[in-house]
Amino acid sequence: MARSLLVALTVCCTSKDTAVNSSPPIARHALAAQIEAHLLCTVGVASEDATPTDLMQAVAQVAREQLSQRWVETQALQRAAKARRVVYLSMEFLMGRTLSNALAALNLTSGAAQGLILHAQTLEDVADREADAALGNGGLGRLAACFLDSMATLGLPSFGYGIRYEYGMFAQEIQDGSQVEYPDPWLQDGTPWEFPRAGISYPVRFGGWVEHLNGTPVWRHAGEVAAKAYDMVVPGHGTPLVSTLRLWKAVAPAHIDLSAFNTGDYARAATAKNEFENISWVLYPNDSTPAGRELRLKQEYFFVAASIQDLVKRHLDEHPTLGNLAEQVAIHLNDTHPAIGVAELMRLLCDEHQMPWADAWALCGKTFSYTNHTLMPEALETWPVALIQHVLPRHLEIIFRINKEFLEMAARHRPGDNAFLARLSLIDEHGERRVRMAHLSVVGSHKVNGVSALHSDLLVQTIFADFADLWPERFTNMTNGVTPRRWLAQANPQLAGLLDDTLGRRWRLDLDQLKRLDEYRGDAEFQGQFMAIKRANKARLAAYIEKTTGVTVSPDSLFDVQVKRIHEYKRQLLNLLHVVTRYQAILANPGADWVPRTVIFAGKAASSYHTAKSIIRLIHDVGSVINQDKRIGGKLKLVFVPNYGVSVAEVIMPGADLSEQISTAGTEASGTGNMKLALNGALTIGTDDGANIEIRQNVGDENIFIFGLKTPEVHALRQSGYQPMRYYESLPALKSVLDAIAGGQFSPKEPGLYRALVDSLLWGGDHYLLLADYEAYVATQLRVDALYRQPAQWCERAIANVAGMGVFSSDRTIREYARQIWNIEPAAH
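Residue numbers for the sequence shown, in this note's numbering: 53 to 881.
Wrong hints could be hidden among the right ones.
Simulated pairs of lysine-lysine, DSBU-like, Cα-Cα distance not exceeding 30 Å [stated by the list, open to error]:
hint, residue 1, residue 2
1, K418, K456
2, K280, K325
3, K682, K801
4, K665, K682
5, K418, K134
6, K787, K762
7, K762, K567
8, K418, K280
9, K801, K665
10, K687, K801
11, K325, K365
12, K787, K665
13, K687, K599
14, K801, K599
15, K599, K665
16, K599, K682
17, K787, K801
18, K280, K134
19, K687, K787
20, K418, K365
21, K134, K365
22, K280, K365
23, K665, K687
24, K665, K762
25, K787, K682
Rather than coming from a laboratory, the hints here were simulated on the basis of the structure.
All figures in this text were calculated on a predicted structure; none of them were measured in a lab.
Whole structure, please, built from the sequences with the hints as guidance.
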């Protein structure tokens, strides 16, 4: 099997249909026959009775067969080669729907479409019946999904590890303008994409105490849960190789207390089952309660413990010793959620495999690497020492020892500097003692990276400055990227077709090919095709908006899009202040030459994040007033698209004209939505923050709208004593907007509803400097209007954005990780 895969890798497919695929398409009549066979034998329905959902299941089974074969051959090849593997630990993998991506990777798209025509169905309609996999929430999880796609495509031996959440984070509904959270039961009808691994299960233990018997620590745990493996196969494009996403489900050792059940005490009978299995129910349980915080910590340890046991077993199946683990495995921590893995690997090496502490620690440091995703100290994960003592007593001992030896080393670097040691310590001693998980990640890793040039620079200047003083060589940058297969070829097939006709199909595997579009920026024929595709995508988005919100919008208006997690630092509220400003200006001068604009928001607020939920409510209330005001005459609409996720993004992003990336400078680590929107021909309006800086450098200053304070200016303003009331008193338009919101113009039934939100700006310090950037933002929006009035120039700049996106392929990012951090050479296409 290993040899057959190597042979397959050398196949060169030269037809247009297979230029970026490793296998020729199945004959259409053969694929149609396979669909019919699976309808009968797998789904269990007669062909003439098949519903679109039945057809989705049948087509998925056709793809599943090939994915299964590729997985088996890939694993055999890697075992035979004793390959060095990447292990990517992440709390989230926001995979979205799988069918269309799998069909494209397997070269089955056209055959599946033809087979479905026999049932009077389109592939798009059938694929729409698939539920999004509820395995993530935002950019962190979608980045992990893009990375797995690129690892497979580049031929990196790799496993992603996470949790098989039964309900995800939540399904968002809007009731009377407010976010309401419901379970997202994506697995209620099963999924064709997972492969249960019945023989792979590991014990994960919690609680109890530690005894030291003759110097040997023994963890007397109080509870145990089984972690059962479920695999999802992530196909590569242009290669038969695949990556594996292995997800863990928590299963109670005894499902019910049968004696309690037989006495009629049904609630007590299920207690043990619920106590353990709730670990894999929900992504990010509400941690505003002690029980929620304990569950969150258990989740993190649960998936890390199972994953490290799995990789150690795989290593020992192929090698006689753990001494060479770092040579064969690269473990990557995607943010701090899996940081407990550092202590867990030490526990396994020292306690279970009797490796001397010094040897284990040296091996551990060579094995782990860590990506930081936030600069905000309040967002860096910490856990009370008392909670870790309660849940993971042995791991707390290990963390204390790591910290003791680390601080002894640091003290030699700066003798007598106790403040330096206090800042470095893995234990925060101020107030309630807490374990700093980011510090554990840095100390336990050989490389630490940020995710944009600015973010990585700020890491070593701010939150990790003391660590960078100790280990300057440990810190590096890996600017994020997105997979063009999902975010252009799949999300925007009409634009992908135009690129195929213009550039050939190679851009899917070499996104730098897009640079050749510079030759067509001023070409009238190409511009006409490009804008016709944008107009069609906007019409599709307008239909989706009407279907999901009931609001009718015009595809001929400028589609102004801000779609991302709702958070104060992302400044959806600044966007909304501009909307109200524009509304008031139109009312004051309705005869002016206003560019019609549709402002589109989408995103979820964490269930306990009251300010973010208040912003969602305000968006709806402002939209309700504006959308029903006949005086506006269609010049402005405001909509909030509910339940934002991958499949919703695939509709919104191709239809966007303007991409809102307006975080306070110095707060957004990178962003990937900015990349996806620009890749689909949207112009960015944003601050010089995160990857916006690198987007500007690659598309050109004239093809992006940058405004506002830069990071040093933000710092200087805060240091000088920022006074938001000065902006309120000196800018009449701003004062009018804030007074309207605070005075109940948009909430007449509850006039004081938004007073606290406005007070947080005027009297609460306006932490993210909305008022300081307001004037520049509104002025820049007028520049947007001026350019949009010139369609040919707007189109030329939109094409320039697509042309400049080559560097933002996740393939480039993963190549850099592989060579600079993981020490693996990617396979060449």
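Each hint, compared with the structure:
no., hint, in the structure
1, K418 / K456, "20 Å, holds"
2, K280 / K325, "15 Å, holds"
3, K682 / K801, "21 Å, holds"
4, K665 / K682, "28 Å, holds"
5, K418 / K134, "19 Å, holds"
6, K787 / K762, "24 Å, holds"
7, K762 / K567, "28 Å, holds"
8, K418 / K280, "28 Å, holds"
9, K801 / K665, "18 Å, holds"
10, K687 / K801, "26 Å, holds"
11, K325 / K365, "27 Å, holds"
12, K787 / K665, "24 Å, holds"
13, K687 / K599, "21 Å, holds"
14, K801 / K599, "27 Å, holds"
15, K599 / K665, "23 Å, holds"
16, K599 / K682, "22 Å, holds"
17, K787 / K801, "22 Å, holds"
18, K280 / K134, "25 Å, holds"
19, K687 / K787, "23 Å, holds"
20, K418 / K365, "19 Å, holds"
21, K134 / K365, "14 Å, holds"
22, K280 / K365, "15 Å, holds"
23, K665 / K687, "27 Å, holds"
24, K665 / K762, "28 Å, holds"
25, K787 / K682, "25 Å, holds"
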